[in-house]
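Chain by chain, the residues:
Number of protein chains: 2
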Amino acid sequence: MSPDDGTVAGTGEFALIDAVTAGRRQPAATLLGPGDDAAVLAAPDGRVVASTDVLVHGVHFRLDWSSPEQVGRKAAAVNLADIAAMGAHPTSLLVGIACPPDTPTEVITELAKGMWAEAERAGIGVSGGDMVRADQLVVSVTALGDLGGRAPVTRSGARPGDVVAVCGNLGWAAAGLAVLGRGFRSPVGVVNAQRCPEPPYAAGPQAADAGATSMIDVSDGLLADLGHLAKSSGVGIDIRSADLDVAPRLVEVGTALGADPLRWVLTGGEDHALAATFPPFGDPPEGWRAIGAVTIAESGVTVDGKPYEHESGWEHWR
Amino acid sequence: MSPDDGTVAGTGEFALIDAVTAGRRQPAATLLGPGDDAAVLAAPDGRVVASTDVLVHGVHFRLDWSSPEQVGRKAAAVNLADIAAMGAHPTSLLVGIACPPDTPTEVITELAKGMWAEAERAGIGVSGGDMVRADQLVVSVTALGDLGGRAPVTRSGARPGDVVAVCGNLGWAAAGLAVLGRGFRSPVGVVNAQRCPEPPYAAGPQAADAGATSMIDVSDGLLADLGHLAKSSGVGIDIRSADLDVAPRLVEVGTALGADPLRWVLTGGEDHALAATFPPFGDPPEGWRAIGAVTIAESGVTVDGKPYEHESGWEHWR
Numbered sequence: 001m002s003p004d005d006g007t008v009a010g011t012g013e014f015a016l017i018d019a020v021t022a023g024r025r026q027p028a029a030t031l032l033g034p035g036d037d038a039a040v041l042a043a044p045d046g047r048v049v050a051s052t053d054v055l056v057h058g059v060h061f062r063l064d065w066s067s068p069e070q071v072g073r074k075a076a077a078v079n080l081a082d083i084a085a086m087g088a089h090p091t092s093l094l095v096g097i098a099c100p101p102d103t104p105t106e107v108i109t110e111l112a113k114g115m116w117a118e119a120e121r122a123g124i125g126v127s128g129g130d131m132v133r134a135d136q137l138v139v140s141v142t143a144l145g146d147l148g149g150r151a152p153v154t155r156s157g158a159r160p161g162d163v164v165a166v167c168g169n170l171g172w173a174a175a176g177l178a179v180l181g182r183g184f185r186s187p188v189g190v191v192n193a194q195r196c197p198e199p200p201y202a203a204g205p206q207a208a209d210a211g212a213t214s215m216i217d218v219s220d221g222l223l224a225d226l227g228h229l230a231k232s233s234g235v236g237i238d239i240r241s242a243d244l245d246v247a248p249r250l251v252e253v254g255t256a257l258g259a260d261p262l263r264w265v266l267t268g269g270e271d272h273a274l275a276a277t278f279p280p281f282g283d284p285p286e287g288w289r290a291i292g293a294v295t296i297a298e299s300g301v302t303v304d305g306k307p308y309e310h311e312s313g314w315e316h317w318r
Numbered sequence: 001m002s003p004d005d006g007t008v009a010g011t012g013e014f015a016l017i018d019a020v021t022a023g024r025r026q027p028a029a030t031l032l033g034p035g036d037d038a039a040v041l042a043a044p045d046g047r048v049v050a051s052t053d054v055l056v057h058g059v060h061f062r063l064d065w066s067s068p069e070q071v072g073r074k075a076a077a078v079n080l081a082d083i084a085a086m087g088a089h090p091t092s093l094l095v096g097i098a099c100p101p102d103t104p105t106e107v108i109t110e111l112a113k114g115m116w117a118e119a120e121r122a123g124i125g126v127s128g129g130d131m132v133r134a135d136q137l138v139v140s141v142t143a144l145g146d147l148g149g150r151a152p153v154t155r156s157g158a159r160p161g162d163v164v165a166v167c168g169n170l171g172w173a174a175a176g177l178a179v180l181g182r183g184f185r186s187p188v189g190v191v192n193a194q195r196c197p198e199p200p201y202a203a204g205p206q207a208a209d210a211g212a213t214s215m216i217d218v219s220d221g222l223l224a225d226l227g228h229l230a231k232s233s234g235v236g237i238d239i240r241s242a243d244l245d246v247a248p249r250l251v252e253v254g255t256a257l258g259a260d261p262l263r264w265v266l267t268g269g270e271d272h273a274l275a276a277t278f279p280p281f282g283d284p285p286e287g288w289r290a291i292g293a294v295t296i297a298e299s300g301v302t303v304d305g306k307p308y309e310h311e312s313g314w315e316h317w318r
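Protein sequences appear in the order of chains A and B.
For what it's worth, the UniProt record's numbering labels the leading residue of the first sequence as 1, then goes sequentially.
For what it's worth, the UniProt record's numbering labels the leading residue of the second sequence as 1, then goes sequentially.
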């Protein structure tokens with residue numbers, strides 16, 4: 001392949017690394033950015049929060065449904081949401097990209113652009129990474145964060161009587177997936193929610209400051225992720241369906257496709273809302289919506305006091 | 001696929017995560033390990049060193065040449081070497097594994113076992129990760145480290161007159177690759193060096209404490225990586241070939257295969273030795289071998305004062 005055929009093989013590893021790193025403005029937390037054996041990041045709290053997610057073409061995204069920039073944004077967002085769910089502010093991203101030699105160079109530069117855009121939305125930068133050859137496009141992201149003196153909010157602190165609350169979108173990405181799966185490209189609101197989620201990063205530390213007893217990022221679906229939280233905490237959870245926000249747009253899409261929008265809200269993943277539990281007697285913080293209560297373990301996870309009849313989440317390889 | 005057919009699809013994501021995390025003993029630096037949205041690690045220095053590498057089946061390793069455990073060890077080692085090359089001690093690993101649904105579960109549990117073994121060799125643990133579906137086995141590792149009050153040793157601090165020194169094996173992995181490529185499985189010393197390198201982790205902080213002016217992990221080949229270091233520092237480097245350690249075993253293998261062992265030492269990658277520069281007038285620290293000198297930029301990277309005639313390293317997609 002020639003040096004100018006527009007593919008990553010033609011561009012070459014080192015020129016491509018230059019293309020995705022040149023001119024990027026690193027935030028103050030990046031003490032040493034790309035170009036050395038490793039990055040050095042500020043960790044003022046004396047602890048660092050770290051999470052890794054891997055996104056695979058054809059599994060977690062499709063380049064015929066999403067632009068490379070949207071894929072980059074999504075890859076950053078899903079990781080940053082994990083940092084927020086611990087009650088931390090993100091400090092940096094590292095990214096590994098594996099792709100076929102004939103991948104257009106522009107796919108990678110646009111993907112990096114999207115990752116940077118989402119990083120900047122969270123006030124951070126991309127401080128390091130790796131680019132290698134593979135048969136399939138795989139994007140691996142590690143996000144780091146700082147707790148700023150807070151105790152990490154784990155999945156295991158919920159107590160019976162606590163209030164269950166959520167912040168962020170639920171069901172939008174699932175509605176978007178249903179739309180895209182039928183070959184449509186609109187309504188753009190739900191389609192874009194599937195292409196790149198907009199997790200409420202600041203709501204994580206906000207919930208921690210408000211005394212959240214447990215928290216989780218809703219990636220697999222509300223019921224599935226509350227199930228993980230309930231299991232870790234040794235409690236049950238009951239959701240009041242009337243208190244869920246089923247947006248008019250989801251109702252419209254559901255009507256058009258003959259689907260139940262409440263099911264998207266309860267079981268749809270990939271919106272990366274945050275779900276948390278708060279001590280009883282008191283309202284959840286601003287921007288959070290109370291949707292249920294923590295019960296005893298024997299009750300399990302229920303909706304309006306009853307088990308929910310539909311499948312409740314995503315598991316890989318099944 | 002049935003729940004007990006021995007594949008990752010049969011085992012299922014959550015049971016597999018349990019299988020690779022259960023019973024592992026986390027070191028004190030892991031404040032919160034696997035099982036939550038993110039891990040929490042100690043960062044006593046107030047800064048964290050971070051590096052990501054991606055290893056792809058058929059590109060960076062082959063399961064017909066290496067056992068899954070050896071692949072796990074290698075994936076950990078290549079990242080831990082990057083942390084050492086900054087002058088830091090590693091504190092934790094995070095790992096993303098993408099693999100086909102029909103991957104034998106044992107491949108993944110053995111890979112995790114190897115990763116843990118190498119992590120423990122470095123005094124740390126695996127604190128988090130992700131497992132997803134893909135067409136090809138891809139292992140993505142992020143290593144974190146702590147500088148313990150040291151300034152990071154970058155690639156850009158070498159000055160003319162400095163001594164160039166190395167610590168660790170050179171040429172062994174390349175000799176092993178040549179052996180495996182001819183269909184042989186011995187001598188086991190060089191073959192195992194290709195399957196899993198043994199980087200001298202403690203030599204990184206040791207070099208930093210001894211005043212190293214620059215340092216790099218030798219992953220692409222000695223000349224290629226010294227070329228990166230020289231470029232970053234704006235200097236040239238001259239290697240004295242007589243001072244390189246060409247082990248008798250490499251001479252034997254070279255004779256058997258009709259190959260030049262010095263070329264393996266100069267251009268072979270994947271041993272993950274450390275190369276560093278030290279101020280003149282004084283010996284490099286114990287365990288390090290002086291092999292040359294820093295010159296002016298116009299001289300380039302030379303061997304015995306002359307450009308080296310053979311290709312000097314590995315670049316992806318070419």
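Hints are supplied without guarantee of correctness; some may be wrong.
Each pair may be met inside one copy or between any two copies, as identical chains are not told apart.
[Unchecked claim] Capping the alpha-carbon separation at 20 Å, the derived lysine to any residue pairs in SDA-like fashion look like this:
| # | residue 1 | residue 2 |
| --- | --- | --- |
| 1 | Lys113 | Arg150 |
| 2 | Lys231 | Pro104 |
| 3 | Lys113 | Phe14 |
| 4 | Lys231 | Ala202 |
| 5 | Lys306 | Leu244 |
Hints in this document: simulated from the structure, not taken from any laboratory.
Comparing the hints with the structure gives:
no. : hint             : verdict
1   : Lys113 to Arg150 : neither (32 Å within a copy, 33 Å between copies)
2   : Lys231 to Pro104 : neither (45 Å within a copy, 28 Å between copies)
3   : Lys113 to Phe14  : within (17 Å within a copy, 33 Å between copies)
4   : Lys231 to Ala202 : neither (26 Å within a copy, 41 Å between copies)
5   : Lys306 to Leu244 : within (16 Å within a copy, 73 Å between copies)
Checked against the numbered hints given earlier, this structure breaks hints 1, 2, 4; the rest are met.
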